[in-house]
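Number of protein chains: 2
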Amino acid sequence: MASKIGKNVVSFAQPPCVIASAAVTGKTEGEGPLAREFDACYPDDGLGKANWNEAEAELLFQAVTRAIEKGRLYRSDIDLIVAGDLLNQCTASTFGAKDFGVPFAGIFGACSTMAYAMALAALLVDGKGFDNVVAATSSHFCSAEKQFRFPLEYGGQRAQTAQRTVTGGAACVIGRGYEDIIIPRAMFGKITDYGIKDAANMGAAMAPAAARSIAEYLEDTGAEPEDFDMILTGDLGSTGTALLHELAVEQYGMDLTPVHEDCGNMIFDARKQDAHSGGSGCACSGVVVCSRILRQLKEEELRRVLFVGTGALMSPDVVLQGKTIPGIAHAVELVRR
Amino acid sequence: MASKIGKNVVSFAQPPCVIASAAVTGKTEGEGPLAREFDACYPDDGLGKANWNEAEAELLFQAVTRAIEKGRLYRSDIDLIVAGDLLNQCTASTFGAKDFGVPFAGIFGACSTMAYAMALAALLVDGKGFDNVVAATSSHFCSAEKQFRFPLEYGGQRAQTAQRTVTGGAACVIGRGYEDIIIPRAMFGKITDYGIKDAANMGAAMAPAAARSIAEYLEDTGAEPEDFDMILTGDLGSTGTALLHELAVEQYGMDLTPVHEDCGNMIFDARKQDAHSGGSGCACSGVVVCSRILRQLKEEELRRVLFVGTGALMSPDVVLQGKTIPGIAHAVELVRR
Numbered sequence: 000m001a002s003k004i005g006k007n008v009v010s011f012a013q014p015p016c017v018i019a020s021a022a023v024t025g026k027t028e029g030e031g032p033l034a035r036e037f038d039a040c041y042p043d044d045g046l047g048k049a050n051w052n053e054a055e056a057e058l059l060f061q062a063v064t065r066a067i068e069k070g071r072l073y074r075s076d077i078d079l080i081v082a083g084d085l086l087n088q089c090t091a092s093t094f095g096a097k098d099f100g101v102p103f104a105g106i107f108g109a110c111s112t113m114a115y116a117m118a119l120a121a122l123l124v125d126g127k128g129f130d131n132v133v134a135a136t137s138s139h140f141c142s143a144e145k146q147f148r149f150p151l152e153y154g155g156q157r158a159q160t161a162q163r164t165v166t167g168g169a170a171c172v173i174g175r176g177y178e179d180i181i182i183p184r185a186m187f188g189k190i191t192d193y194g195i196k197d198a199a200n201m202g203a204a205m206a207p208a209a210a211r212s213i214a215e216y217l218e219d220t221g222a223e224p225e226d227f228d229m230i231l232t233g234d235l236g237s238t239g240t241a242l243l244h245e246l247a248v249e250q251y252g253m254d255l256t257p258v259h260e261d262c263g264n265m266i267f268d269a270r271k272q273d274a275h276s277g278g279s280g281c282a283c284s285g286v287v288v289c290s291r292i293l294r295q296l297k298e299e300e301l302r303r304v305l306f307v308g309t310g311a312l313m314s315p316d317v318v319l320q321g322k323t324i325p326g327i328a329h330a331v332e333l334v335r336r
Numbered sequence: 000m001a002s003k004i005g006k007n008v009v010s011f012a013q014p015p016c017v018i019a020s021a022a023v024t025g026k027t028e029g030e031g032p033l034a035r036e037f038d039a040c041y042p043d044d045g046l047g048k049a050n051w052n053e054a055e056a057e058l059l060f061q062a063v064t065r066a067i068e069k070g071r072l073y074r075s076d077i078d079l080i081v082a083g084d085l086l087n088q089c090t091a092s093t094f095g096a097k098d099f100g101v102p103f104a105g106i107f108g109a110c111s112t113m114a115y116a117m118a119l120a121a122l123l124v125d126g127k128g129f130d131n132v133v134a135a136t137s138s139h140f141c142s143a144e145k146q147f148r149f150p151l152e153y154g155g156q157r158a159q160t161a162q163r164t165v166t167g168g169a170a171c172v173i174g175r176g177y178e179d180i181i182i183p184r185a186m187f188g189k190i191t192d193y194g195i196k197d198a199a200n201m202g203a204a205m206a207p208a209a210a211r212s213i214a215e216y217l218e219d220t221g222a223e224p225e226d227f228d229m230i231l232t233g234d235l236g237s238t239g240t241a242l243l244h245e246l247a248v249e250q251y252g253m254d255l256t257p258v259h260e261d262c263g264n265m266i267f268d269a270r271k272q273d274a275h276s277g278g279s280g281c282a283c284s285g286v287v288v289c290s291r292i293l294r295q296l297k298e299e300e301l302r303r304v305l306f307v308g309t310g311a312l313m314s315p316d317v318v319l320q321g322k323t324i325p326g327i328a329h330a331v332e333l334v335r336r
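Order-wise, the sequence lines are chains R and E. When we follow numbering that gives the first Met the number 0, the leftmost residue of the first sequence carries the number 0, and every step to the right adds one. When we follow numbering that gives the first Met the number 0, the leftmost residue of the second sequence carries the number 0, and every step to the right adds one.
Next comes chain R alone, as it looks inside the complex (with noise of 0.2 Å):
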């Protein structure tokens, strides 16, 4: 049974578990520094299909397959599979998901969808509708490129506030039982604008929604960032992890410097890999939480982390047409049971 804390957040009297999470990635990702962290890192992008859209949909179809695999569950133990993506219409989790025979609801949260698909089927599986839900995402630097930017054969600079789209595919599986990590709340974030229009920079897009959801998750929960081991923000990367502490502070009170990491710094070195301002996209968060935060929430190096999904909400027709880019950030806390 569930109950609302304050306005914003949901809180579980019997936690869901997380049963079993997967994380793959391509070739940049498999050379960074989480490589030994992910399921597989495939050499070749392309995953030996036709087109970059059908490597995309392969990745979550792996993600999925693997981690129904890790939980020592069949495809018929899963109710509903809860996947999202950046591609038009959400082709990379239809055909990524099809093949499974399993009732699926497509989610558009775009880089915020890890944590939203987490925080909706933790919904679900306590709402005792669902026994087993899984929660996955994908994105693929060449399938965001061509839709969002410009062909890849076109060679454009990209500008210093740019993230790059980690090509990969993520996924867990959310359940009831006895497992080590727990899912006790989780928020859906609100829509948030400050008139960002640079679709070069995510993350000033992304930062207000962040500081937003932050500040009303603590509010409502009545904890203190060092109540957390570890507040995680999905893709801000460091243009936008520095827009954060600033506005954590001017606009919340809040100094989130002692805990909080970005999964867009994380997943890339800096210096070594030509990624801009970090990673991001929809894998991003998905597969640094789906391998790496879940391993040492399992391994107790972690106890408590909240994690917070942040999505610019833009289509490339809508910046074309002069619009904002709202950002949004959905949240959801893994704790160590």
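Treat the hints with care, since some could be wrong.
Copies of one chain are not kept apart here, so a pair can be met inside one copy or by any two copies together.
Calculated lysine-lysine pairs in the DSBU-like style (CA-CA distance at most 30 Å, straight line) [claimed, not checked]:
id : residue 1 : residue 2
1  : Lys69     : Lys26
2  : Lys127    : Lys3
3  : Lys145    : Lys271
4  : Lys6      : Lys69
5  : Lys196    : Lys48
6  : Lys271    : Lys26
7  : Lys26     : Lys48
8  : Lys196    : Lys145
9  : Lys69     : Lys3
10 : Lys6      : Lys127
11 : Lys69     : Lys297
12 : Lys48     : Lys69
13 : Lys48     : Lys271
No lab work stands behind these hints, which were simulated from the structure alone. Note that the coordinates shown come from a computational prediction; the quantities given were computed from them, not determined experimentally.
Given the coordinates of chain R, work out where chain E should sit on it, guided by the hints.
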């Protein structure tokens, strides 16, 4: 508290109810047979906005605003807006919902979005973490033609199997209480791919998913088609309806003809309005259900309706890449208390 019935259906011990609903449309819908059911039919499909995308967002905004008002609620009473649409990265939902200051969960179910949103809202309300959840969707003939087919100015001839995207916004508030219309059961559909590749024949792509979801729903609940006053599919149109009736008999031994209706066949006048195979788009089933169907339930002209939203999970990119068009059908049961 919810529980699983069979493998797919979730049943609510204390069913959530529909507190209020609203539907707004464009000009062509206002000239159709359901015109008098809608809360507003705008005489200018542009709604005075700078472009079709903004017009669509305004339709969603208007529907949500009116549904909240009709429920005699304030925005602050709403715990969550669940919304999705057909635009790339669901920007109609983002821009239509962003000014409410309410947590937001973006979903993607193509034209099945209204049933999907209602099912999800009911599940979340039932889980007790949310008191009032708005389920909303929108579509717009012009934004859809531009994105999925040809620029309007091109004046392309449309295939007879093609459907006309409904211009409209629809929303309902799902909550707990003693309202007349309850949602006793809901079901998420499975992605169903019969290998259709013709993007001008969405009815054919969606009909197999509709047949499957209806068959699974009836099996899990032990019901017969005649137990319902109406089994209402989303937007199969005349082509898809004929295919559904065939498939239902051939594959599942169900005769749906006595109780089956389709929103795509209801919204336009097939003889007088140039809609070819009928209406489509997220708003098609959205505005039909959020006006006529819920009114008929309230006035006891209908007592038990199985609303099966149907969606074609395709993007123009993926169709050009030679992929098939998978369908999905989410179901929500609407009952007069």
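Hints, one by one, checked against the model:
Only within a single protomer do Lys69 and Lys26 lie at most 30 Å apart by alpha-carbon distance; the minimum there is 23 Å, versus 54 Å between protomers. When the C-alpha separation of Lys127 and Lys3 is checked against a cutoff of 30 Å, the pair qualifies both within a copy, at 17 Å, and between copies, at 8 Å. In the homo-oligomer, the alpha carbons of Lys145 and Lys271 lie at most 30 Å apart inside one protomer (24 Å), although the nearest pairing across protomers, at 43 Å, exceeds that limit. Taking the closest pair of Cα atoms, Lys6 and Lys69 come within 30 Å of each other only across two copies (23 Å); inside a single copy the shortest separation is 36 Å, beyond that limit.
Taking identical chains as interchangeable, the C-alpha atoms of Lys196 and Lys48 lie at most 30 Å apart only when they sit on different chains, with a minimum of 19 Å there against 35 Å within one chain. For the homomeric pair Lys271 and Lys26, the shortest alpha-carbon distance inside one copy (14 Å) is at most 30 Å, but the shortest distance between copies (57 Å) is not. Taking the shortest Cα distances, Lys26 and Lys48 sit within 30 Å of each other inside one copy (15 Å), while across copies they are farther apart (45 Å). Within a single copy, Lys196 and Lys145 get their C-alpha atoms as close as 20 Å, and across copies as close as 23 Å, so both meet the 30 Å cut-off.
For a Cα distance limit of 30 Å, the shortest separation of Lys69 from Lys3 across copies, 25 Å, qualifies, whereas the shortest one inside one copy, 33 Å, does not. When the C-alpha separation of Lys6 and Lys127 is checked against a cutoff of 30 Å, the pair qualifies both within a copy, at 23 Å, and between copies, at 13 Å. Taking identical chains as interchangeable, the C-alpha atoms of Lys69 and Lys297 lie at most 30 Å apart only when both belong to the same chain, with a minimum of 14 Å there against 49 Å between chains. In this assembly of identical chains, Lys48 and Lys69 lie within 30 Å of each other by CA distance solely inside one copy; the values are 25 Å within and 51 Å between copies.
Only within a single protomer do Lys48 and Lys271 lie at most 30 Å apart by alpha-carbon distance; the minimum there is 29 Å, versus 47 Å between protomers.
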